[in-house]
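There are 10 protein chains.
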Amino acid sequence: MEFLVRTENLLPHDTPDATRDELRRGERERAVELRREGVLKRLWRVPGRNATVGLYEAEDPAALHDALTSLPMWKWMDVTVEALATHPQEK
Amino acid sequence: MEFLVRTENLLPHDTPDATRDELRRGERERAVELRREGVLKRLWRVPGRNATVGLYEAEDPAALHDALTSLPMWKWMDVTVEALATHPQEK
Amino acid sequence: MEFLVRTENLLPHDTPDATRDELRRGERERAVELRREGVLKRLWRVPGRNATVGLYEAEDPAALHDALTSLPMWKWMDVTVEALATHPQEK
Amino acid sequence: MEFLVRTENLLPHDTPDATRDELRRGERERAVELRREGVLKRLWRVPGRNATVGLYEAEDPAALHDALTSLPMWKWMDVTVEALATHPQEK
Amino acid sequence: MEFLVRTENLLPHDTPDATRDELRRGERERAVELRREGVLKRLWRVPGRNATVGLYEAEDPAALHDALTSLPMWKWMDVTVEALATHPQEK
Amino acid sequence: MEFLVRTENLLPHDTPDATRDELRRGERERAVELRREGVLKRLWRVPGRNATVGLYEAEDPAALHDALTSLPMWKWMDVTVEALATHPQEK
Amino acid sequence: MEFLVRTENLLPHDTPDATRDELRRGERERAVELRREGVLKRLWRVPGRNATVGLYEAEDPAALHDALTSLPMWKWMDVTVEALATHPQEK
Amino acid sequence: MEFLVRTENLLPHDTPDATRDELRRGERERAVELRREGVLKRLWRVPGRNATVGLYEAEDPAALHDALTSLPMWKWMDVTVEALATHPQEK
Amino acid sequence: MEFLVRTENLLPHDTPDATRDELRRGERERAVELRREGVLKRLWRVPGRNATVGLYEAEDPAALHDALTSLPMWKWMDVTVEALATHPQEK
Amino acid sequence: MEFLVRTENLLPHDTPDATRDELRRGERERAVELRREGVLKRLWRVPGRNATVGLYEAEDPAALHDALTSLPMWKWMDVTVEALATHPQEK
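Residue numbers (our numbering), protein chains in the order written: chain V, 1 to 91; chain H, 1 to 91; chain G, 1 to 91; chain R, 1 to 91; chain P, 1 to 91; chain W, 1 to 91; chain E, 1 to 91; chain B, 1 to 91; chain C, 1 to 91; chain A, 1 to 91.
Some clues are possibly wrong.
Computed beta-carbon distance windows for the label pairs [said to hold, decoys possible]:
1. P:Trp76 / W:Leu11: 42 to 48 Å
2. H:Lys41 / W:Thr19: 43 to 49 Å
3. E:Arg24 / G:Asn50: 38 to 44 Å
4. C:Arg36 / B:Glu33: 40 to 46 Å
Interface residues of chain B toward chain A, partial, derived using beta-carbon atoms under 7 Å [what the hints assert, rightly or not]:
5. Ala31
6. Leu43
7. Pro47
8. Ala85
9. Gln89
Read the hints as simulated data drawn from the structure, not as lab findings.
Note that the Cβ used here is the ideal one computed from N, Cα and C, for glycine as well.
Given only the sequences and the hints, what does the whole structure look like? Please build it.
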């Protein structure tokens, strides 16, 4: 099943650059893995914000939760999830 | 997977009693079937309102959508669905 | 550019079935055309509601507006549009 | 009577791991006790968030308040409670 | 247990005066009964609106629901209920 | 005139216990005085939260303001006030 | 005591002009009286809307309620009232 | 001074086409006049909606109100106005 | 033109008393000046809060902005401004 | 295409004056460049707030994102973007 996932990155402004860079690098690497596994299908930026909209696929909400919390930046992200139903037009 | 489902019944006030009664009877019958099928697991009233909170189980959001739209009153209901993730404490 | 488009269908409950069916048929036909033109890329149902989430692509917001208003049901739809920015991970 | 209880965990990000682990362990232990006492009946995760939805049973709101504030993490949780009415279908 | 109950009266503006008067008379009579039974403890007007705030006491939310729906005007009222917990200062 | 007063206690989590205890003791003492003076008429807990709903009586909003700001915890409380009108049923 | 009062005029669009004119005339006449009585102290338009912000003075919320409901248009107005406290700077 | 003005067109769906066309023609004519007078400076569509965002200039909010209510469609429009302050960078 | 101005004072709780007193003194002095200049016409307290509602008059929003930012406490205030239109009844 | 961009400046109150001044100077310089490039077309202040409304033009949301994040103050700004569609009246 597919999910629409919104994230707002709330990493504090005074985070040292080294920490921030390491988190971002880890974030990208984990995102690449989630794409390979077919979990992360699309990712967009919300223009003007440190925020994203993503299209995810997972077996169920618990599996999605595990995927999202595996992102190194998760701890500082405000995440909202919306479960989507397949539309008959797409069957 | 489980879903928390809220409904607000917006059937117009001037609906004839006969129509209303028939809809309610059909609603109860369909609800009984959904319970038997294991789709409707719990149902509560929101006190003071013509509204409910329900705990549903379905294979995915599309299956839940089909179950909800099979209720005769669905056409007049404002429905919101929240997908829940199994909590590790319950495994 | 891509857009996330939400629609809520507000067609009155007392619309004659013939009118409703004709609108739906026209809606499906126009949607098929928009898919062929690459404007409508994905479509989901919001579970439990007469509502959709869609992923659209159009040259600009004015072109998207023209596509959405070409849907026969548009007149009865509450539509909200969110412009998405390509994420560097997808380049 | 039954209550729907939502929690958002607001424990600061910079909480030392040892403190966090101890709080979580205490949280789980207290939750097990509340389950045994029949107060905590079901618990779900809100996917993507450090948040839960729970189904509780208590004699009245004051008893529920005592149960919730007995959780070691309560001090850092934003909690909202909704009292539910038994639905005639369930009698 | 005690509840804070808000009501907004949505009776249509074009309701005939006779119907309106009869509903109001029935409303007052039922309110007097609920006071006698100790269910309706206090009632205020929201200034400027056709709305009230009430303090109710009932065994549980289901009993409160029955009391509120016994009001002749209930069908046209938007009602919200908040369950209150006894404060230790009042014990 | 009567007022419905909501408070959310925002005292920081890292407040030393001694300070917190002293504030609470002062809060209770001042509340007892306000009850004696007929200003604080009823007090409830919002279940699950460090929050209250209170029924106050004061000559006017300025007098109520003085009563509320006389509470030692006021500085850390988010307070909202709603002025209530006497209902004709209660005259 | 003083109150800030907001009104939104919801008179249906298809109200006959004669009815509308009569209501407006009655509204103006009653407003003039309320000014003379010192109840209506200031009145502004919310630009672009059929809405007003007003500064009223009344003995208490019940007296204000009586003044507002004496306006012929009240039945079609959505009214919200905010009780204001005298500021020490103005004493 | 300049204002940001949002409009939502709420003309009923069952308005006869002739009435609708006449209103639109009148709307366009009046808009052209307001542009000539320097009152309407820019106008955009909110994509997907029968709604606009406009940049207006008027002597004060009362003059803006008069300009907006001179639009033939005003009666059916939900309008919100935001007064903007000149930014020092633009001086 | 006139404006309705709301302020919420967000000065941190741990601000030293001397700093706070100095800010308040400066605030009062500047407010007195703004009254003399006819900019600040009325000021009320929002009961129960460290917040005010004020009626201001200024040539335009930019002049109002300058007046508000001249208040020593401005830096810590959350301010919202609403431009009001003169009502024909007051002409 | 054009965008309406709102910013709220959340730079902490205790930022040293030198840092603040440097950020502001850099902000002005970058804004001048964006104006020259035709990206920033208009800028207003939200009266009473450390906030702006801006009219931007960019090829697409990603280009706008790059322009906004090039502002030295961006890191401390809460930014919301609304994509606007050209209105037929302006063609």
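We went through each hint and held it up to the structure:
no., hint, verdict
1, P:Trp76 / W:Leu11: 42 to 48 Å, "43 Å, holds"
2, H:Lys41 / W:Thr19: 43 to 49 Å, "47 Å, holds"
3, E:Arg24 / G:Asn50: 38 to 44 Å, "40 Å, holds"
4, C:Arg36 / B:Glu33: 40 to 46 Å, "43 Å, holds"
5, Ala31, "6 Å, holds"
6, Leu43, "4 Å, holds"
7, Pro47, "4 Å, holds"
8, Ala85, "4 Å, holds"
9, Gln89, "6 Å, holds"
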